[in-house]
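**Q** Spelled out, the chains give:
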Amino acid sequence: NAGVTQTPKFQVLKTGQSMTLQCAQDMNHEYMSWYRQDPGMGLRLIHYSVGAGITDQGEVPNGYNVSRSTTEDFPLRLLSAAPSQTSVYFCASMGRGAGWGEQFFGPGTRLTVL
Amino acid sequence: DQQVKQNSPSLSVQEGRISILNCDYTNSMFDYFLWYKKYPAEGPTFLISISSIKDKNEDGRFTVFLNKSAKHLSLHIVPSQPGDSAVYFCAASARNFGNEKLTFGTGTRLTIIP
Chain A
1 NAGVTQTPKF
11 QVLKTGQSMT
21 LQCAQDMNHE
31 YMSWYRQDPG
41 MGLRLIHYSV
51 GAGITDQGEV
61 PNGYNVSRST
71 TEDFPLRLLS
81 AAPSQTSVYF
91 CASMGRGAGW
101 GEQFFGPGTR
111 LTVL
Chain B
1001 DQQVKQNSPS
1011 LSVQEGRISI
1021 LNCDYTNSMF
1031 DYFLWYKKYP
1041 AEGPTFLISI
1051 SSIKDKNEDG
1061 RFTVFLNKSA
1071 KHLSLHIVPS
1081 QPGDSAVYFC
1091 AASARNFGNE
1101 KLTFGTGTRL
1111 TIIP
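From first to last, the protein sequence lines stand for chains A and B.
Just so you know, this note's numbering puts the end of the first sequence at 114, numbered straight through with nothing missing.
Just so you know, this note's numbering puts the end of the second sequence at 1114, numbered straight through with nothing missing.
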């Protein structure tokens, strides 16, 4: 199993550009989520999904869009990038049953917006 | 409003001694608590968790203690090893209330001195 994969690893954008951060998991997990990590702020939840076709907002959703058309994929879209969105983005997934509550994280995408 | 707080940004401990990382929370609906470990340029990895029905959970060198009345939990690592040097995040959720979202603390950077 590859676990949770994220692409790209690094990205530089100009203000106003749009892009999609990709996230995929091969563990058949129902729950997927996106976090951003900023210095001194810990990890903050952007959006999450409890299953295909179902998404909801987290703590800091503004400027981001998500969709969940399959169980495996949960892309994060930046609609019009702003310097405040410079951050490290982590995708995570969680399954039900044994170990429920333990989220598995991808390696992260480091995004810089100029 | 920071619902999960880790008041020590950093901690240095001699190899072989005990490391104690602390976490406080304010939301009384939280009933499930987790610790994650994060190395540079990697995603967080799950370390240990505890349900609010317990006051202690042990896994090898790692023990988590929960004091519900004080809304405080701690992670003990004994003995500390150089590979334990990482950033540790405390996280909480309100699973029994149908809320699987994790709220993270700001992290404590643990350095083990050989």
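Everything labelled a hint here was simulated from the structure, so no lab data went into it.
Worth double-checking, as some hints may not be accurate.
Claimed, not checked - Facing chain B, from chain A, some residues (calculated, C-beta under 7 angstroms):
# : residue
1 : Asp-38
2 : Pro-39
3 : Leu-43
4 : Pro-61
5 : Tyr-64
6 : Phe-105
7 : Gly-106
8 : Pro-107
9 : Gly-108
Computed from a predicted model, the values in this text were never measured in an experiment.
Just so it is clear, CB atoms sit at the ideal spot from N, CA and C, and this is done for glycine as well.
**Q** Now look at each hint and say whether the structure bears it out.
**A** Hint check:
1. With a cut of 7 angstroms, the hint placing A:Asp-38 at the interface with chain B is violated, because the nearest CB-to-CB distance is about 10 angstroms.
2. Annotation: interface hint on A:Pro-39 violated; nearest CB of chain B at approximately 9 angstroms, more than 7 angstroms.
3. With a cut of 7 angstroms, the hint placing A:Leu-43 at the interface with chain B holds, because the nearest CB-to-CB distance is about 4 angstroms.
4. At about 12 angstroms, the closest approach between the beta carbon of A:Pro-61 and any beta carbon in chain B exceeds 7 angstroms, and the interface hint on this residue is violated.
5. Checking A:Tyr-64 against chain B: minimum C-beta separation of about 16 angstroms lies over 7 angstroms; hint violated.
6. Hint status for A:Phe-105: holds, given a least beta-carbon distance of 3 angstroms to chain B, under 7 angstroms.
7. Given the 7 angstroms rule on beta carbons, the hint for A:Gly-106 holds: about 5 angstroms separates it from the nearest Cβ of chain B.
8. A least Cβ separation of about 5 angstroms between A:Pro-107 and chain B falls short of the 7 angstroms threshold, and the interface hint therefore holds.
9. Satisfaction of the interface hint for A:Gly-108 is found here, the shortest Cβ-Cβ separation to chain B being roughly 5 angstroms, below the 7 angstroms cut-off.
This entry does not satisfy hints 1, 2, 4, 5, going by the numbered hints stated previously.
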